[in-house]
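S.K.: I would like the entire structure built from these sequences, with the hints used as guidance.
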Amino acid sequence: MISLVFIAIAVWFGFKGYLETRVNTPYDGKKVCIALSLDAPDRYWGTYRPGVYFGLKTRDSQSLVTGLMWYFPRMLRYDGSGFRHWCEQGDKLDRYAWLEHDGRTFGVQEIVDNSVSIRTTFVKRPGGYEGGDWTARIAVSPAKEHKGEEISLLFYTAIEEGTKGWIKANLGDYSRLTGTEGNTQGLGSFVVNLNLINGTVEEHSFLATAAPGLHVLKETVLQNLRVATQKGSAEKRVVLAGEQLPLSPEGNKKDPNFIVSQVTGRAPFELEVSYESGSFSNRIDKLTGKNYDEALEKQRLLFSERFESVFKLKSKGYTDDEVAFAKMAFSNLIGSVGYFYGSSQVQSSYTESPVPYWKAPLYTAVPSRSFFPRGFLWDEGFHGLLIAAWDMEIELDIMSHWFDLMNVEGWIPREMILGQEALAKVPEEFVTQINTNANPPTFFLTLDFMLQHKEQELLRHHLPLLDRLYPRLQAWFSWFNVTQVGDLPGTYRWRGRDGTTSRELNPKTLTSGLDDYPRASHPSVAERHVDLRCWIAYAARVLARITETLSYSSTKYHETFQYLSDNNLLNKLHWSPNTQWYSDYGLHTDRVVLRKPAPPPPHKQQQQRSQPPSVELVRVVLEDPSLRFVDTTFGYVSLFPFILQIVEPDSPQLGKILQDLRDPDLLWTKQGLRSLAKTSPIYMKYNTEHDAPYWRGPVWINLNYLTVRAAHYYSNIDGPYRQNARKIYEELRKNLIQNIIKQYRKTGYLWENYDSAEGQGKGSHPFTGWTSLVVLLMAEIY
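In mature numbering (1 follows the signal peptide of the UniProt record, and there is no 0), the protein residues as written are -21 to -1, 1 to 761.
A hint or two may mislead.
[As the list claims (entries may be wrong)] Derived DSS-like pairs: lysine-lysine, alpha-carbon spacing no greater than 25 Å straight-line:
(1) K725 with K123
(2) K338 with K404
(3) K265 with K277
(4) K293 with K10
(5) K725 with K713
(6) K657 with K291
(7) K649 with K664
(8) K433 with K295
(9) K657 with K706
(10) K9 with K293
(11) K197 with K433
(12) K291 with K277
(13) K295 with K575
(14) K433 with K10
(15) K657 with K713
(16) K649 with K706
(17) K143 with K338
(18) K123 with K147
Hints are computed from structural coordinates only; laboratory data are not their basis.
M.R.: Set out below in structure tokens:
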């Protein structure tokens, strides 16, 4: 009997250990991504550091990285303000963006900072065995009234932590840094040369040191600046301190891993940086000088020709200025594709604290270079629509990396924060990813787009990849159907809402992607979310088509789609008979407010005299909630049966949706559809004392794009509401395009969202993630 008890205990602890490790155990199947590192030589080098204003690196787990910093001597402060490196909204640059970028070969970027324009360009050239050569130019041009403005440019090379290899400074006359040479496991031997090609430089200096990591390069530079007096002059300048190598514990100088060249000059002037691979043995001429000019011009011409062939904007009558805008919107998206490597922090209900995910690479676009320079799962499905229209191979590569991050449960973390630089930009509260929490499966949007627009290319060139991806798509779909189901058959509920909060007016639903969009006031197991139900129905339809494409049995997914798209069942579960629109359902009351807490009773005030009173607003419920439709809220969630094309074209519900869409008291504005109706009790209300409204009124381009796409679909299919759909399609599309371009001309940026009253850009900027879908709106590609 005692032995049975011991066996039972051993089995229990073994099972408990199994449950604990599932969250960070990789999916047991073939990897989707097989084009790693030099397996894709034309994508080996790239501008894969979206969080810096300019920098190149390789698609290696440990890479040589290069980057640009700068400052105006007259503006540099002792605390480091005025020093540019990472893309920061606080720098208040007039604008910066890639104007042209093809995702593979070249890029042209313009940065406007105060009185100067900094133009960064690069071109790659294949050759040898280690990814070929590349050359970059950094040209500083002053505004007319600021000719002669003094500026310091700092160009650096560094080695990521763990890189096997070395770098060293090459010094010329007067101990002036002329470049860097080195050798790493991924690159072999190489040389990086830096030369002035135009203008006059007043000061050269350099730094060769051992930096603690890529996340503190700016701080390392600031710590090694010193004031120097020029020979024969009383003028003083801030320069780098030369070789500053710290000592190892054994007392030896550490090898440098960070080498910076500082060039101070008066605008205009121009620098040229050339990287030459030692494996490129048959190099006839260098990619410098006139050769570089010719190579860049050739790539720009090819880019313009291809851009027109893909998007056909000139043939649609757009002006040169509007086409240039579209090139910028697209280029800054694809130019912001990054390559990250590291380990996420994850947690399940079976782990006492967060645990590390396995180390892995991620090749992905990012929503915003300044505010979100990391991978977001639900954003990436929208990014993929535009990237796939341009280069399906790049998009499939991105998707492959994401699906290789799936664990054995079929879960993919919502945010991927990989590496020192990415982690340094994320508040601690958002670092840990919880394995019960979902994100909308927007990669099914991308796959559907490919099947509609690129099916022959997919079948001809990428069928083996799709076959490797397919088991993971099945596992992902199954994970949603196990973890996100509701209490009733055919219902779904986003997990991750905080039912115990005393601070939030309406507990956030971050997992839905719509953050503070109002749901049932009291989270409960009885909730059912209409948007999630529609996502699963849509995913089932796309998965059925993929299954057929691969010649497998699609019966299961067809049946699931038919069940979830049954309009009678959908209406029973989510159509409010009171307001006649689609709604969530749950434990709800509208009578919830934020108030200052009541003062403590008199007998407790004496005890708390030494403590400052709490002034933070708290949530107060003025009426008991009841199970009901959340139908006083009308907004993006109400549109999901329409925007994911679940509602039938002859359904009376479609007619009512189109009627409500056009109502200016609900969502319609001259700038696009606002996220929440003005009639909603929570319209534009703060969710806590400090959390401003986010998805409670502003115009968001991703959901507007899906609405335009749906209106286009219903306007081209037989049904009684076809003409209404066509009118909405034409007006909404026009309103969105006009306002986004107008705000770009006014501010120099694309924005995270837009004010529904006047159209001003709001939130983070530049936001050339899903806001760049304006290019597909202009091109009418859905």
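S.K.: Take the hints in turn and mark each one as holding or not.
M.R.: Going down the list of hints, with the structure as the test:
no. : hint           : result
1   : K725 with K123 : 21 Å, holds
2   : K338 with K404 : 19 Å, holds
3   : K265 with K277 : 16 Å, holds
4   : K293 with K10  : 41 Å, violated
5   : K725 with K713 : 18 Å, holds
6   : K657 with K291 : 38 Å, violated
7   : K649 with K664 : 22 Å, holds
8   : K433 with K295 : 22 Å, holds
9   : K657 with K706 : 23 Å, holds
10  : K9 with K293   : 44 Å, violated
11  : K197 with K433 : 44 Å, violated
12  : K291 with K277 : 20 Å, holds
13  : K295 with K575 : 56 Å, violated
14  : K433 with K10  : 23 Å, holds
15  : K657 with K713 : 22 Å, holds
16  : K649 with K706 : 14 Å, holds
17  : K143 with K338 : 17 Å, holds
18  : K123 with K147 : 39 Å, violated
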